[in-house]
Amino acid sequence: MTTNDDFSVRLGDWLREDSVGRVPAHLDAVLVRTAATRQRPWWSSPGRFLPMNVAATRLWAVRPVSLRTVLLLGLVALVIAALVGVLVGSRRPLPPPFGVARNGALLSSANGDLFTVDPKTGIGRPLITGPTFDFGPLFSRDGTRFAFLRGAPSPCGKSDCGLILVVANADGTGVREITPGEPGLDWLDWSPDGTRIAFLSFVDGTTGHVLNIVSVDGAGLITLDLGRPVNQLSWLPPDGAEIVFRGEQWNASNPPPAIYAVRPDGTGLRPISTRPALGDQDFNDVAVSPDGRLVAYRAVAPDEPFRVHVLDLQTGVDRQLTSAPGSTGEGGPGFSPDGRTIVYLRWFEDASTQLVVAPVDGPGHGIAIGPHGPIGSDGPTINNYGFSPDGRFVFANYDAEKVGRLLPVDGTPGVVVARGDLAFAGFQRLAP
Amino acid sequence: MQRDLVERARRGDHDAFSELAGAAISRLDSAAWLILRDPEQAADAVQNALVRAWRDLPTLRDPGRFDAWLHRLLVRSCIDEVRRLRRHRIDVPLIALDAPTNVDHLSTIADRDQLERGFVRLDPEMRAVIVLHHYLDLSLSDVAVTLGIPIGTVKSRLHRAIGLMRAALDADARAGREISEGRPA
Numbered sequence: 051m052t053t054n055d056d057f058s059v060r061l062g063d064w065l066r067e068d069s070v071g072r073v074p075a076h077l078d079a080v081l082v083r084t085a086a087t088r089q090r091p092w093w094s095s096p097g098r099f100l101p102m103n104v105a106a107t108r109l110w111a112v113r114p115v116s117l118r119t120v121l122l123l124g125l126v127a128l129v130i131a132a133l134v135g136v137l138v139g140s141r142r143p144l145p146p147p148f149g150v151a152r153n154g155a156l157l158s159s160a161n162g163d164l165f166t167v168d169p170k171t172g173i174g175r176p177l178i179t180g181p182t183f184d185f186g187p188l189f190s191r192d193g194t195r196f197a198f199l200r201g202a203p204s205p206c207g208k209s210d211c212g213l214i215l216v217v218a219n220a221d222g223t224g225v226r227e228i229t230p231g232e233p234g235l236d237w238l239d240w241s242p243d244g245t246r247i248a249f250l251s252f253v254d255g256t257t258g259h260v261l262n263i264v265s266v267d268g269a270g271l272i273t274l275d276l277g278r279p280v281n282q283l284s285w286l287p288p289d290g291a292e293i294v295f296r297g298e299q300w301n302a303s304n305p306p307p308a309i310y311a312v313r314p315d316g317t318g319l320r321p322i323s324t325r326p327a328l329g330d331q332d333f334n335d336v337a338v339s340p341d342g343r344l345v346a347y348r349a350v351a352p353d354e355p356f357r358v359h360v361l362d363l364q365t366g367v368d369r370q371l372t373s374a375p376g377s378t379g380e381g382g383p384g385f386s387p388d389g390r391t392i393v394y395l396r397w398f399e400d401a402s403t404q405l406v407v408a409p410v411d412g413p414g415h416g417i418a419i420g421p422h423g424p425i426g427s428d429g430p431t432i433n434n435y436g437f438s439p440d441g442r443f444v445f446a447n448y449d450a451e452k453v454g455r456l457l458p459v460d461g462t463p464g465v466v467v468a469r470g471d472l473a474f475a476g477f478q479r480l481a482p
Numbered sequence: 107m108q109r110d111l112v113e114r115a116r117r118g119d120h121d122a123f124s125e126l127a128g129a130a131i132s133r134l135d136s137a138a139w140l141i142l143r144d145p146e147q148a149a150d151a152v153q154n155a156l157v158r159a160w161r162d163l164p165t166l167r168d169p170g171r172f173d174a175w176l177h178r179l180l181v182r183s184c185i186d187e188v189r190r191l192r193r194h195r196i197d198v199p200l201i202a203l204d205a206p207t208n209v210d211h212l213s214t215i216a217d218r219d220q221l222e223r224g225f226v227r228l229d230p231e232m233r234a235v236i237v238l239h240h241y242l243d244l245s246l247s248d249v250a251v252t253l254g255i256p257i258g259t260v261k262s263r264l265h266r267a268i269g270l271m272r273a274a275l276d277a278d279a280r281a282g283r284e285i286s287e288g289r290p291a
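Residue numbers (the numbering used here), protein chains in the order written: chain L, 51 to 482; chain P, 107 to 291.
Hints are computed from structural coordinates only; laboratory data are not their basis. As the structure is a prediction and not an experimental result, all values here were calculated from the model. Please note that a few of the clues may not be correct.
What the hints assert, rightly or not - Below, simulated SDA-like cross-link-like pairs (lysine to any residue); rule was C-alpha separation at most 20 Å, straight line:
| # | chain 1 | residue 1 | chain 2 | residue 2 |
| --- | --- | --- | --- | --- |
| 1 | P | K261 | L | E399 |
| 2 | L | K170 | L | N153 |
| 3 | L | K208 | P | G118 |
| 4 | L | K208 | P | A273 |
| 5 | L | K452 | L | G174 |
| 6 | P | K261 | P | A279 |
| 7 | P | K261 | L | F57 |
| 8 | L | K452 | P | T165 |
| 9 | L | K452 | L | V466 |
| 10 | L | K208 | P | P164 |
| 11 | P | K261 | P | M232 |
| 12 | L | K452 | P | I255 |
| 13 | L | K452 | P | D276 |
| 14 | P | K261 | L | G62 |
| 15 | L | K452 | L | N161 |
| 16 | P | K261 | L | H422 |
| 17 | L | K452 | L | Q404 |
| 18 | L | K452 | P | G254 |
| 19 | P | K261 | L | D56 |
| 20 | L | K208 | P | R272 |
| 21 | L | K208 | P | R161 |
| 22 | P | K261 | L | F398 |
| 23 | L | K208 | P | I255 |
| 24 | P | K261 | L | K170 |
| 25 | L | K452 | P | Q220 |
| 26 | L | K208 | P | K261 |
| 27 | P | K261 | L | V59 |
| 28 | L | K208 | L | T256 |
| 29 | P | K261 | L | G174 |
| 30 | L | K208 | L | D254 |
| 31 | P | K261 | P | A273 |
Unchecked claim - Derived DEER-like restraints, expressed as beta-carbon distance ranges:
| # | chain 1 | residue 1 | chain 2 | residue 2 | range |
| --- | --- | --- | --- | --- | --- |
| 32 | L | A351 | P | E231 | 48 to 54 Å |
| 33 | P | Q108 | L | P409 | 51 to 57 Å |
| 34 | L | P321 | P | V226 | 54 to 60 Å |
| 35 | P | T259 | L | T87 | 49 to 55 Å |
| 36 | L | V70 | P | R223 | 16 to 22 Å |
| 37 | P | R223 | L | P375 | 42 to 48 Å |
| 38 | P | I255 | L | G376 | 18 to 24 Å |
| 39 | P | R223 | L | G376 | 15 to 21 Å |
The beta carbon of each residue, even a glycine, is placed where N, CA and C say it ideally should be.
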């Protein structure tokens, strides 16, 4: 009789001996096959992580609607139409670009079409449909328009036809394409005044993403050469005079990763992180507070648990949020609309993760919200989360369960408001 | 730097993918052989895993998780191979008749034979858990991540697999004793 440890050692030795001497001779055949195989566009994967609410989704839960409900809704629509008639001429107040606002529509995409969803009922309503593959809607900060991504027509004479950036009014009218097909189009953000959109794309001859700025009328598209790959961009509140981004290290010729700020015209590039990088994954998941004073990020040191740090841009002080015992890592921070709390993802030894809401400047381990979700081979399965405009909820996708949950920030049980392969559902901001 | 290669391959750089595939194929081939016990099926599984990797690489969210993702594709390809062919062929290694016959060596060979007999009786899903944990040295958490199953399922599957192998070895040992004592096996 042997012990389990003895047996494990014998088994491991045998597995290694049994596989010794195998020399695969089919690499060339594999490479012939792959060279003839077209890669899937990155955006064809539903739920792929993108910032804000930029990601493809397949199916919102749409409940069957009875005739009685239809009649009732029709009556309500008539009343609303009458009210709208009365209110014509009076301009709707707009929310400020940053800070607390009222929750408006929840907007996402399914099978290449855009939908609004009532967060209270989960009932979806098509907004932009048709033969084009549209996804990843992101509201402007005043909630009057949204931008989204559209698969460029293929073939186009290039290996990657890319995506087109499109803008529409909040009610789905006024759709207009504002860029040509951009390979690798990713990570976009509206300027605070709503006149421009910053986005990432690939450019031939460069490594990693480059930063682009375009006016929402499609004029003045510029690409900035910042001398390093760019990721995780945000316009810096309150005036958007600068854009904050993560400078990436894709190869040895790139400088170590750091957090930078640059003016939208490409001048004034400056590092804002105040310590050297601890590895090529350091200074990740960059998020900016609504008042522009703080930057939160995931600090990653080799062989150390990754942690959420908060950097004060005025004092340069960089401090770690209190981590919880038993946590193997914490990352993916996002600020609440009032800037007082942060939502982030906590990792555990059993390969699961959970969302946590914690005060920006307080002690404690924060309040756990929502259930645990497993870590998949491609990262956490809790994805694309963020605060509602009123700051009372966090919306999050649980990819493993294929549901979207609206979770109260006080830790009380949340509700499932969507089902399917979901992406982040962005909230429209309305005047308080 | 693997991350750079992964990023370049995600953008369609086939040379970068060739480097990644070249660095991984030996490890993948060995793991596939251990799971499938058939060299042709193993080669097919590795090919399919690498073709899927190339095709789907742009959708990989985190380039830092390339290895775990590739292992998952390989295990899926192995299971697909088993389901596709619905055949079980066991290549029995031949022992050279003129091999040295010292007792320790024979004992080692018998030990290996017993381990192999026990191992091939497992279904491919159980073999995959054993290969990931005991051959590729992945932690139980990483096995769970690679296979996309809860860690509790990994533990129970591994416990059951080891238990089945030990039972098979004990049965072999009993049969050996009975033969040596002149009783029918």
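Structure-based check of all given hints:
1. A hinted pair counts as satisfied when its Cα atoms are at most 20 Å apart, and K261(P) with E399(L) qualifies at roughly 14 Å.
2. With a C-alpha separation of about 11 Å, the suggested pair K170(L) and N153(L) falls inside the 20 Å cut-off, and the hint holds.
3. Simply put, K208(L) and G118(P) have alpha-carbon atoms about 11 Å apart, close enough for the 20 Å limit, and the pair holds.
4. Simply put, K208(L) and A273(P) have alpha-carbon atoms about 59 Å apart, too far for the 20 Å limit, and the pair is violated.
5. Only pairs whose Cα atoms come within 20 Å are accepted, and K452(L) paired with G174(L) is accepted, the gap being roughly 16 Å.
6. For the hint linking K261(P) to A279(P), the alpha-carbon distance of about 27 Å lies beyond 20 Å, and the restraint is violated.
7. A C-alpha spacing of about 16 Å is found between K261(P) and F57(L), which places the hinted pair at or below 20 Å, so the restraint holds.
8. Taking the CA atoms of K452(L) and T165(P), the gap is about 18 Å. The hint holds against a cut of 20 Å.
9. Annotation: proposed proximity of K452(L) to V466(L) holds, straight-line Cα distance about 10 Å (limit 20 Å).
10. About 16 Å separates the Cα atoms of K208(L) and P164(P), which keeps this hinted pair within 20 Å; it holds.
11. In summary, the hint linking K261(P) to M232(P) is supported, as the alpha carbons are separated by about 11 Å, within the 20 Å threshold.
12. Straight-line distance between C-alpha atoms of K452(L) and I255(P) comes to about 15 Å, which keeps the hinted pair within the 20 Å bound.
13. Pair hint K452(L) plus D276(P) does not hold up; C-alpha atoms about 45 Å apart against a cutoff of 20 Å.
14. A threshold of 20 Å between alpha carbons decides the hint, and for K261(P) with G62(L) the separation of about 17 Å falls inside it, so the pair holds.
15. Taking the CA atoms of K452(L) and N161(L), the gap is near 15 Å; set against the 20 Å cutoff, the hint holds.
16. The straight-line distance between the Cα atoms of K261(P) and H422(L) is roughly 19 Å, inside the 20 Å bound, and the hint therefore holds.
17. About 16 Å separates the Cα atoms of K452(L) and Q404(L), which keeps this hinted pair within 20 Å; it holds.
18. The hinted pair formed by K452(L) and G254(P) meets the criterion: a straight-line CA distance of about 14 Å does not exceed 20 Å.
19. Between K261(P) and D56(L) the CA atoms are separated by roughly 18 Å; this keeps the pair inside 20 Å, and the hint holds.
20. For the suggested pair K208(L) and R272(P), the alpha carbons sit about 57 Å apart, so the restraint of at most 20 Å is broken.
21. With a CA separation close to 17 Å, the supplied pair K208(L) and R161(P) stays within the 20 Å bound.
22. Proposed proximity of K261(P) and F398(L) is supported: the alpha carbons are some 17 Å apart, at most 20 Å.
23. Taken as a hint, the K208(L) and I255(P) pair is broken in the structure, with Cα atoms around 39 Å apart against an allowance of 20 Å.
24. For a cut-off of 20 Å, the pair hint linking K261(P) to K170(L) is broken: about 40 Å separates their Cα positions.
25. At most 20 Å may separate the alpha-carbon atoms for a hinted pair to count; K452(L) and Q220(P) exceed this at roughly 44 Å.
26. This hinted pair does not check out: K208(L) and K261(P) have alpha carbons roughly 48 Å apart, beyond 20 Å.
27. Between K261(P) and V59(L), the direct Cα distance comes to roughly 18 Å. Compliance with the 20 Å bound is thereby established for this hinted pair.
28. Taking the CA atoms of K208(L) and T256(L), the gap is near 17 Å; set against the 20 Å cutoff, the hint holds.
29. At most 20 Å may separate the alpha-carbon atoms for a hinted pair to count; K261(P) and G174(L) exceed this at roughly 41 Å.
30. As the CA atoms of K208(L) and D254(L) are separated by approximately 11 Å, the hinted pair is consistent with the 20 Å bound.
31. At most 20 Å may separate the alpha-carbon atoms for a hinted pair to count; K261(P) and A273(P) meet this at roughly 18 Å.
32. Our hint of 48 to 54 Å for A351(L) and E231(P) is violated, since their Cβ atoms are close to 36 Å apart.
33. The given range of 51 to 57 Å is broken by Q108(P) and P409(L), whose C-beta atoms sit roughly 38 Å from each other.
34. For P321(L) and V226(P), the hinted distance range of 54 to 60 Å is satisfied, since their beta carbons lie about 58 Å from each other.
35. At about 33 Å, the CB distance of T259(P) to T87(L) disagrees with the hint of 49 to 55 Å.
36. As the Cβ distance of V70(L) to R223(P) is approximately 19 Å, the hint placing it in 16 to 22 Å holds.
37. Checked against the hint of 42 to 48 Å, the pair R223(P) and P375(L) passes, with Cβ atoms roughly 46 Å apart.
38. Distance hint check for I255(P) and G376(L): the Cβ-Cβ separation is about 22 Å, which falls inside the suggested range of 18 to 24 Å.
39. Checked against the hint of 15 to 21 Å, the C-beta distance between R223(P) and G376(L) comes to roughly 42 Å, which is inconsistent with it.
In summary, the numbered hints that this structure violates are 4, 6, 13, 20, 23, 24, 25, 26, 29, 32, 33, 35, 39.
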